[in-house]
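**Q** One-letter residues, chain by chain:
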Amino acid sequence: MLHDFLARALIGGLGIALFAGPLGCFILWRRMAYFGDALSHSALLGIALGFLVGIDLNLGILGICIAVALFLLALQRQKRLTVDTLLVILSHSALSIGLVVASFTPSLQIDLTAYLFGDILAIAPRDLIWIYGGGGVVLAILIKMWRSLLSLTVNEELARAEGINAEVTGLIFMLLIAVAVALAMKAVGILLVSALLIIPAATARRFASTPERMAVLAAAIGAASVFAGLFSSLKLDTPAGPSIVVAAAALFVLSLASSLVSRQSTTAR
Amino acid sequence: MPDDTPPIERVPAAADRLLQLDDIHLARNGRQLLNHVHLSVAANEIVTLIGPNGAGKTMLVRIALGLILPDSGRVERRPGLNIGYMPQHFHVEETLPLTARRFLQLAKGAAEQDLRAAAAEVGIEHLLAQPLHGLSGGELQRTLLARAILRRPQLLVLDEPVRGVDMTGQMELYDLIARIRRRLGCGVLMVSHDLHIVMAATDRVICLNHHICCHGQPDTVSEHPEYLALFGPLSKERLAVYQHRHDHRHDLHGEVVNGNGRGAR
Numbered sequence: 344m345l346h347d348f349l350a351r352a353l354i355g356g357l358g359i360a361l362f363a364g365p366l367g368c369f370i371l372w373r374r375m376a377y378f379g380d381a382l383s384h385s386a387l388l389g390i391a392l393g394f395l396v397g398i399d400l401n402l403g404i405l406g407i408c409i410a411v412a413l414f415l416l417a418l419q420r421q422k423r424l425t426v427d428t429l430l431v432i433l434s435h436s437a438l439s440i441g442l443v444v445a446s447f448t449p450s451l452q453i454d455l456t457a458y459l460f461g462d463i464l465a466i467a468p469r470d471l472i473w474i475y476g477g478g479g480v481v482l483a484i485l486i487k488m489w490r491s492l493l494s495l496t497v498n499e500e501l502a503r504a505e506g507i508n509a510e511v512t513g514l515i516f517m518l519l520i521a522v523a524v525a526l527a528m529k530a531v532g533i534l535l536v537s538a539l540l541i542i543p544a545a546t547a548r549r550f551a552s553t554p555e556r557m558a559v560l561a562a563a564i565g566a567a568s569v570f571a572g573l574f575s576s577l578k579l580d581t582p583a584g585p586s587i588v589v590a591a592a593a594l595f596v597l598s599l600a601s602s603l604v605s606r607q608s609t610t611a612r
Numbered sequence: 004m005p006d007d008t009p010p011i012e013r014v015p016a017a018a019d020r021l022l023q024l025d026d027i028h029l030a031r032n033g034r035q036l037l038n039h040v041h042l043s044v045a046a047n048e049i050v051t052l053i054g055p056n057g058a059g060k061t062m063l064v065r066i067a068l069g070l071i072l073p074d075s076g077r078v079e080r081r082p083g084l085n086i087g088y089m090p091q092h093f094h095v096e097e098t099l100p101l102t103a104r105r106f107l108q109l110a111k112g113a114a115e116q117d118l119r120a121a122a123a124e125v126g127i128e129h130l131l132a133q134p135l136h137g138l139s140g141g142e143l144q145r146t147l148l149a150r151a152i153l154r155r156p157q158l159l160v161l162d163e164p165v166r167g168v169d170m171t172g173q174m175e176l177y178d179l180i181a182r183i184r185r186r187l188g189c190g191v192l193m194v195s196h197d198l199h200i201v202m203a204a205t206d207r208v209i210c211l212n213h214h215i216c217c218h219g220q221p222d223t224v225s226e227h228p229e230y231l232a233l234f235g236p237l238s239k240e241r242l243a244v245y246q247h248r249h250d251h252r253h254d255l256h257g258e259v260v261n262g263n264g265r266g267a268r
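Chains as they are written, first to last, in the numbering used here: chain A, 344 to 612; chain B, 4 to 268.
One thing to keep in mind: the hints can contain errors.
Said to hold, decoys possible - If you anchor each label on the Cβ, the simulated ranges turn out as follows:
{"id": "1", "chain 1": "B", "residue 1": "77", "chain 2": "A", "residue 2": "510", "range": "16 to 26 Å"}
{"id": "2", "chain 1": "B", "residue 1": "114", "chain 2": "A", "residue 2": "442", "range": "19 to 29 Å"}
{"id": "3", "chain 1": "A", "residue 1": "442", "chain 2": "B", "residue 2": "77", "range": "54 to 64 Å"}
{"id": "4", "chain 1": "A", "residue 1": "414", "chain 2": "B", "residue 2": "198", "range": "41 to 51 Å"}
As the list claims (entries may be wrong) - Just some of the chain A residues that point at chain B, by a computed CB distance under 7 Å:
{"id": "5", "residue": "372"}
{"id": "6", "residue": "500"}
{"id": "7", "residue": "552"}
By construction, these hints were calculated from the structure, which means they are not laboratory data.
What you are looking at is a predicted structure, and each value in this text was computed from that prediction instead of being measured.
In this text, a Cβ means the ideal position worked out from N, Cα and C, and glycines have one as well.
Next up, chain A with everything else stripped away, as it sits in the complex:
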């Protein structure tokens, strides 16, 4: 017996895992793990502003994420502060500003936990359209620019000397992350989005010998985490979003353990 809300949660979660995995791989390769955090933390401001202005919340989130992505891209050009410092400043200020602005909108106060930690069980049919429509576009663009983005990730100077436009490719990639974060928030919430991007990709690393295999594997591991998280949430009555992240983390630990075991067996031989 599968309830409607559970089916929607599962379909939505799997859809998110499909694009979060490959995108997460690039975030990992490009050492941009904190970018996802900064983007998702600022999403709360988008929600709060959306409430205040009275526009669609999805649009509010998307708008703020894209604005922050562009801001980050501009900030990277200055050399006075390192990027990790800037990201911590930006992500925590954005989260705090969001919380402060949210305090002006009492109706948002009630739902705050849902936004911070996700409410995958409340995914509506309309959200599924956002997830699959937006996720489909993200994946399509990612596949289209795969070779250029991968070349740039391997070695930027070489890629540029071969005629790849680093600025445009980098900008598109940032926008893809912004859209992905805005969509993935539905499953695990603002505070846990980057976990869904990073952990499956990190788990996949140990079992992949090419970038493409790692991307596909990351999507599969993300899907397995969504499945396991939802199932345990149902059985143990735990919060769904954190349960998904716990499942992803458990798979990561398993992958670490398996690589330790295989290393030991090779040294024993």
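On the provided structure of chain A, position chain B as indicated by the hints.
**A** What follows is chain B alone, placed relative to chain A:
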């Protein structure tokens, strides 16, 4: 400042010219890195750029490639010029699983057959399935060279291709580069940190220390018995000795300290 830089000898015919840099100036963080620099590379020509560390060689190469713009001066590349580039520093993140084969496939439009031919030419067929970060320095250099020639370049730009490679490996790489030049008829712009020993097939040597100190053709090693004795008979066809003809000296900071100031700031 009057334009008193000596003209480069054997200036190639304009029709063959792939790359032409005129009167390049570049400053970074308040320091003048390149002053009044001219450089040209023609098809089928090997130009070796030598100079001490921090002389601005890599900056000049990056300007030639279009990766950065000079503060002033003219950069002309033949329209649609296809460049194969071998960067000096190459490091792949451990998190990125990348075999040599997949790396070569990233060269645009590389067909499997071309890929195998390029790998065979540089002698890395047996490494294609290996992850890039498991390769030794010399193996990685060869893989980078294979990637560069996969593009069938008209101009090959090699930034210190023999860095960290032992003498035998160095001579093998020089052989390889000379062979590739003959086969593709491409121009080669090569950077070397060795101030005296260059690849024998070099047509012109340019000595750079923020400005062009001198330039000319290298001598064969046979004319220098002491080098021949040092590097052994194998070096005869592969290495050449460059004798500098400086009319000034540089102090420890690279400033010109005497001489008639030709080409100096």
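**Q** If you take the shortest Cβ to Cβ gap from residue 372 (chain A) to chain B, is it below 7 Å?
**A** holds, 4 Å
**Q** Between residue 77 (chain B) and residue 510 (chain A), does the C-beta distance stay in 16 to 26 Å?
**A** holds, 24 Å
**Q** Grab the minimum C-beta distance from residue 500 (chain A) to chain B and call the hint holds if it beats 7 Å, violated otherwise.
**A** OK, holds: residue 500 (chain A) within 7 Å of chain B, min 5 Å.
**Q** May I ask you to test the hint 19 to 29 Å on the CB atoms belonging to residue 114 (chain B) and residue 442 (chain A)?
**A** With Cβ atoms ~56 Å apart, the hint is violated.
**Q** With respect to the beta-carbon atoms only, verify the hint that residue 442 (chain A) and residue 77 (chain B) lie 54 to 64 Å apart.
**A** holds, 55 Å
**Q** Return the status of the interface hint for residue 552 (chain A): holds when the least beta-carbon distance to chain B is below 7 Å, violated otherwise.
**A** holds, 5 Å
**Q** How does the Cβ-Cβ distance of residue 414 (chain A) and residue 198 (chain B) compare with 41 to 51 Å: does it lie in that range?
**A** holds, 47 Å
Comparing the model with each earlier hint shows a violation of hint 2 alone; every other hint is respected.
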